[in-house]
Amino acid sequence: MAETANKLEAPRGPIPKRTISRRNIFLYGTLIFVSIYYLVPLYVMIVTSLKGMPEIRVGNIFSPPLEMTFEPWVKAWSEACTGLNCDGLSRGFWNSVRITIPSVVVSIAIASINGYALANWRFKGANLFFTILIFGAFIPYQVMIYPLVIMLREMGLYTKLTGLVIVHSIFGMPILTLLFRNYFTSLPEELFKAARVDGAGFWGIYFRIMMPMSLPIFVVAIILQVTGIWNDFLFGVIYSKPDNYPMTVQLNNIVNSVQGVKEYNVNMAATILTGLVPLTIYFVSGKLFVRGIAAGAVKG
Amino acid sequence: MGYSVQIKNLDLSFGAVEVLRDLNLDIHDGEFLVLLGASGCGKSTLLNCIAGLLEATDGQVFINGRNVTWEQPSKRGIGMVFQSYALYPQMSVKGNLSFGLKNAGVPRSEIEDRVGRAARILQIEELLHRRPAALSGGQRQRVAIGRALVRDVDVFLFDEPLSNLDAKLRSDLRVEIKRLHQRLKNTMIYVTHDQIEALTLADRIAILRDGKIQQLGTPDEIYNRPLTKYVAEFIGSPTMNFFNGRIEEGVFRSRDLEIELDGYQWSGEASSGEAWLGIRPEHVASANAASNMPYSTEIEVELYEPMGSDTLVWTFIGDQSFHFRLDGQIKVSDGDRLSIGFDIRRGSIFDKKSESRL
Ligand SMILES: Nc1ncnc2c1ncn2[C@@H]1O[C@H](COP(=O)(O)OP(=O)(O)O)[C@@H](O)[C@H]1O
Ligand SMILES: [Mg+2]
Numbered sequence: 001m002a003e004t005a006n007k008l009e010a011p012r013g014p015i016p017k018r019t020i021s022r023r024n025i026f027l028y029g030t031l032i033f034v035s036i037y038y039l040v041p042l043y044v045m046i047v048t049s050l051k052g053m054p055e056i057r058v059g060n061i062f063s064p065p066l067e068m069t070f071e072p073w074v075k076a077w078s079e080a081c082t083g084l085n086c087d088g089l090s091r092g093f094w095n096s097v098r099i100t101i102p103s104v105v106v107s108i109a110i111a112s113i114n115g116y117a118l119a120n121w122r123f124k125g126a127n128l129f130f131t132i133l134i135f136g137a138f139i140p141y142q143v144m145i146y147p148l149v150i151m152l153r154e155m156g157l158y159t160k161l162t163g164l165v166i167v168h169s170i171f172g173m174p175i176l177t178l179l180f181r182n183y184f185t186s187l188p189e190e191l192f193k194a195a196r197v198d199g200a201g202f203w204g205i206y207f208r209i210m211m212p213m214s215l216p217i218f219v220v221a222i223i224l225q226v227t228g229i230w231n232d233f234l235f236g237v238i239y240s241k242p243d244n245y246p247m248t249v250q251l252n253n254i255v256n257s258v259q260g261v262k263e264y265n266v267n268m269a270a271t272i273l274t275g276l277v278p279l280t281i282y283f284v285s286g287k288l289f290v291r292g293i294a295a296g297a298v299k300g
Numbered sequence: 001m002g003y004s005v006q007i008k009n010l011d012l013s014f015g016a017v018e019v020l021r022d023l024n025l026d027i028h029d030g031e032f033l034v035l036l037g038a039s040g041c042g043k044s045t046l047l048n049c050i051a052g053l054l055e056a057t058d059g060q061v062f063i064n065g066r067n068v069t070w071e072q073p074s075k076r077g078i079g080m081v082f083q084s085y086a087l088y089p090q091m092s093v094k095g096n097l098s099f100g101l102k103n104a105g106v107p108r109s110e111i112e113d114r115v116g117r118a119a120r121i122l123q124i125e126e127l128l129h130r131r132p133a134a135l136s137g138g139q140r141q142r143v144a145i146g147r148a149l150v151r152d153v154d155v156f157l158f159d160e161p162l163s164n165l166d167a168k169l170r171s172d173l174r175v176e177i178k179r180l181h182q183r184l185k186n187t188m189i190y191v192t193h194d195q196i197e198a199l200t201l202a203d204r205i206a207i208l209r210d211g212k213i214q215q216l217g218t219p220d221e222i223y224n225r226p227l228t229k230y231v232a233e234f235i236g237s238p239t240m241n242f243f244n245g246r247i248e249e250g251v252f253r254s255r256d257l258e259i260e261l262d263g264y265q266w267s268g269e270a271s272s273g274e275a276w277l278g279i280r281p282e283h284v285a286s287a288n289a290a291s292n293m294p295y296s297t298e299i300e301v302e303l304y305e306p307m308g309s310d311t312l313v314w315t316f317i318g319d320q321s322f323h324f325r326l327d328g329q330i331k332v333s334d335g336d337r338l339s340i341g342f343d344i345r346r347g348s349i350f351d352k353k354s355e356s357r358l
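One line per chain: the protein sequences are A and B, in this order. For what it's worth, this note's numbering labels the leading residue of the first sequence as 1, then goes sequentially. For what it's worth, this note's numbering labels the leading residue of the second sequence as 1, then goes sequentially.
Note that these hints are calculated values from the structure, not bench results. Glycine included, every Cβ here is placed at the ideal spot set by N, Cα and C. It is possible that some hints are incorrect.
Sample of chain B residues facing chain A (criterion: CB under 10 Å; computed from the structure) [as the list claims (entries may be wrong)]:
1. G52
2. L227
3. T228
Going by beta-carbon spacing under 10 Å, a handful of chain B positions derived as facing chain A [claimed, not checked]:
4. M80
5. V81
6. Y88
7. K102
8. P107
9. I111
10. G236
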């Protein structure tokens, strides 16, 4: 009864939507296809890393392991040989940690203060400084590689971890400063004025007002820097030496080592281990990352 | 009575854009001064300059006789309330109120006292532990006022503090600000583009246009004796009616009407030549009262807008559009014929060219 009344009075209320429409099939079809395209290699890697070598030689790369073993993971982490060292990826992992943490902290600390000064304290020459910085973001790395080698050598930091930290901090500076400047510019100016009337100075406003309001952009910066520096290969090769190689360089050396048989399972395990840090960062902070990007995009 | 704030020959430019030009303003101790003007005329710029948030390009600012032109905002003895409230979002209301005191190194027990007293005055005691996000617009603005209050300053600066609130709250808070001024008796400089706020709150109003003060006077002077046509148009709602004509031998003649100017209070000598004659819609009498007026005529109602207490009637005098206020209890309808009249003594006459009061 109600049904027919509704029909008689239609159109009324929400517009009926079909769940299976051409549009939906196309949309979800594409999404599913793309997900599979990206997930298959990951699947192959995980499966292979859990098989023994005999099984790999005979088997299909897609088949799940018949006898699951974690041996390749242990070997990749603590036994695989690169050059003279046979302590696996663990050495590279700790090197990467010792490079990434100080680089991230230093570059974000300096860039956020730069961005804050540029956004709120229109000091003399601020525009010139900003222009140079933007220009810096577009200069190709390659131009600066050799001059930096000379500079670090003169300072006695070439091939040292400290030297690599300095290099990463310098290269991260333009884009990070831009990121922070744009975010701070998007915060209401009256807040800054109120803090000045309340007697807060340069550092007081930075630490007490600006920083607590900027968690999302700090998360964005941390993600950008951690993944960028962790995944860096070029600077790692150029500005360090075998003892100090970051994980990526060591991974390359393990995978490309020419001695003996190719241990695909160990290589796969090593690769996943190396990618685990950026992956974890994404999963843990993905939501905040999106929020930070969105905040910058909408307000900036 | 001494001066609380003095501004001497103030210039301020942003690059090539001159916002304030050779501005002079003396504000008395305990005065409520309203800076009124259209959006973009430089009101906030002037206020920020008094606060020390903007550097003057030239000129001086004195507060309580002290030259503070180069002084930091926090050292000027001013408190400021912003349009967007500008509360620190990550601090509680109490944190917001005490931030300035902490920065000034005020002892903890005294901070407690002053925050408590301000909260009592503004009736926000129950809100002290909330975050600004959990407050309504009116409550936020109270906290913003409280932030200036706790600092025990000589001069309060308000930058359009009510314009983000809805109409009801706006009129409530307006009264509260007036009450606060009665109670504290300190100098208040209040920026607004709302003439009702200006007329109701001010001891004196400064009307700003393109970075210059057009008129400085009491609300009564501004309303009854506007010095320029701009001020006359800006103040009063609905706006003043204007007739464009000539004055010859004490008679104003336009295409549409002719009025003897007997009894008009000239600013200087009685003058002649091209002029504007302005008459406020609320100074027009109708029906029987009209016949007693020095000038009266009969009109036809073209359109009317009932507003409760009064009705605004639109009509023509000759070919000139004209509107006036009628008691809301008098019923009219389109096409009615009415006699209206006014007294030139309540009108304003401006020179055609300079637009200044004659
Ligand atoms: N930081 C600035 N840089 C350049 N021009 C500005 C700046 N701040 C304000 N102005 C200009 O100065 C004029 C006055 O602004 P303001 O004082 O904010 O006006 P209002 O009377 O509406 O408060 C406006 O035309 C505005 O565009
Ligand atoms: Mg303004």
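Hint check:
1. G52: At about 8 Å, which falls below the 10 Å cut-off, the nearest Cβ of chain A leaves the hint on G52(B) intact, so it holds.
2. L227: Violated, about 33 Å.
3. T228: violated (32 Å)
4. M80: Holds, about 5 Å.
5. V81: Constraint on V81(B) satisfied, holds at 9 Å.
6. Y88: Since the shortest Cβ distance to chain A is 6 Å, the answer is holds.
7. K102: Holds: closest Cβ of chain A sits about 9 Å from K102(B), inside 10 Å.
8. P107: violated (15 Å)
9. I111: violated (13 Å)
10. G236: violated (31 Å)
Hint compliance for this structure: hints 2, 3, 8, 9 and 10 are not met, and every other hint is.
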